[in-house]
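Participant: Sequence:
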Amino acid sequence: MKSILKKVLKYFVLIISILFFLHSILVIYFIGKFRECDRVKVTDNNRQKIVSMMEEAYDDYKDIPDMSRAKVVERRFFMHDAKLTVYYKDGTNYSFYLDRHPDYIRSYFINEGYNAYFRSMEFVVDLIKLVASFVILVVVAIKVLDL
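In numbering that gives the first Met the number 0, the protein residues as written are 0 to 146.
It is possible that some hints are incorrect.
In silico DSBU-like pairs for lysine-lysine, Cα to Cα no more than 30 Å straight-line [what the hints assert, rightly or not]: (1) K32 / K82; (2) K88 / K40; (3) K142 / K6; (4) K82 / K40; (5) K48 / K88; (6) K128 / K5.
With beta-carbon atoms standing in for the labels, derived distance ranges [as the list claims (entries may be wrong)]: (7) V124 / F33: 12 to 22 Å; (8) K32 / D89: 27 to 37 Å; (9) L13 / R99: 48 to 58 Å; (10) I141 / S2: 14 to 24 Å; (11) F76 / L8: 43 to 53 Å; (12) D145 / N45: 53 to 63 Å; (13) V124 / S2: 34 to 44 Å; (14) Y96 / K6: 52 to 62 Å; (15) D58 / L13: 54 to 64 Å; (16) Y10 / I109: 42 to 52 Å; (17) V7 / F76: 39 to 49 Å; (18) Y96 / F33: 19 to 29 Å.
Just so you know, the hints here were simulated from the structure itself, not pulled from any lab data. For glycine and all other residues, C-beta sits at the position ideal for the given N, C-alpha and C.
Construct the entire structure; sequences and hints are all you get.
Facilitator: Dropping the structure here:
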């Protein structure tokens with residue numbers, strides 16, 4: 000009786016380990032694929048294009064600090080609006096919301112920008128979780144299957 004219970008418990012732990020590993024893979028895939036958080040690096044070549052788009056989309060554009068010091072613009076999409084954050088070279092930032100989310104801003108960020116998740120510490124933490132869950136899965140599999 001004890002040996003059957005022990006065997007069932009071992010396989011239960013193996014199944015839980017597999018589920019944690021699959022969960023880690025799915026988290027990285029879905030956050031990376033579907034998160035609407037894109038960044039565009041501001042250079043001398045695209046600065047005027049970004050400024051003109053922001054002037055057209057944001058009614059209070061004059062409230063935004065000097066765009067000549069901007070290094071990155073981040074777009075985060077919410078239900079019906081978007082949050083734009085301008086990061087400056089001195090470490091400060093300015094955030095504002097667009098009530099209407101024009102398609103030209105969305106397509107510009109998708110075409111010219113990059114997904115911020117894959118360059119963030121959140122991705123590194125998720126990657127460490129993936130590796131740790133894989134190691135745990137291997138150890139549990141070796142122990143359960145007596146390899």
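Participant: Confirm or reject each hint.
Facilitator: Hint check:
Taking the CA atoms of K32 and K82, the gap is about 19 Å. The hint holds against a cut of 30 Å. For the proposed pair K88 and K40, the alpha carbon gap of about 12 Å is at most 30 Å, so the pair holds. A threshold of 30 Å between alpha carbons decides the hint, and for K142 with K6 the separation of about 11 Å falls inside it, so the pair holds. The hinted pair formed by K82 and K40 meets the criterion: a straight-line CA distance of about 16 Å does not exceed 30 Å.
Restraint check for K48 and K88: satisfied, since their Cα atoms lie roughly 19 Å apart, inside the 30 Å limit. A hinted pair counts as satisfied when its Cα atoms are at most 30 Å apart, and K128 with K5 qualifies at roughly 28 Å. The hinted window of 12 to 22 Å between V124 and F33 holds, with their beta carbons roughly 18 Å apart. For K32 and D89, the hinted distance range of 27 to 37 Å is satisfied, since their beta carbons lie about 34 Å from each other.
The hinted window of 48 to 58 Å between L13 and R99 holds, with their beta carbons roughly 51 Å apart. In this structure, I141 and S2 meet the distance hint of 14 to 24 Å, their C-beta atoms being roughly 19 Å apart. Taking 43 to 53 Å as the suggested C-beta distance range, the pair F76 and L8 conforms, at roughly 45 Å. Here the CB-CB span from D145 to N45 is close to 60 Å, well matched to the stated 53 to 63 Å.
Separation of V124 from S2 is about 40 Å and conforms to the stated range, judged on CB atoms against 34 to 44 Å. Look at Y96 against K6: about 57 Å separates their beta carbons, and that is inside 52 to 62 Å. At roughly 58 Å, the beta-carbon separation of D58 and L13 lies within the given 54 to 64 Å, and the hint holds. Between Y10 and I109 the CB atoms are about 45 Å apart, so this pair conforms to the stated range of 42 to 52 Å.
V7 and F76 have their C-beta atoms about 46 Å apart, which keeps the hinted 39 to 49 Å range intact. Remark: the range hint 19 to 29 Å for Y96 to F33 is upheld by a beta-carbon distance near 21 Å.
Checked against the numbered hints given earlier, the structure satisfies every one of them.
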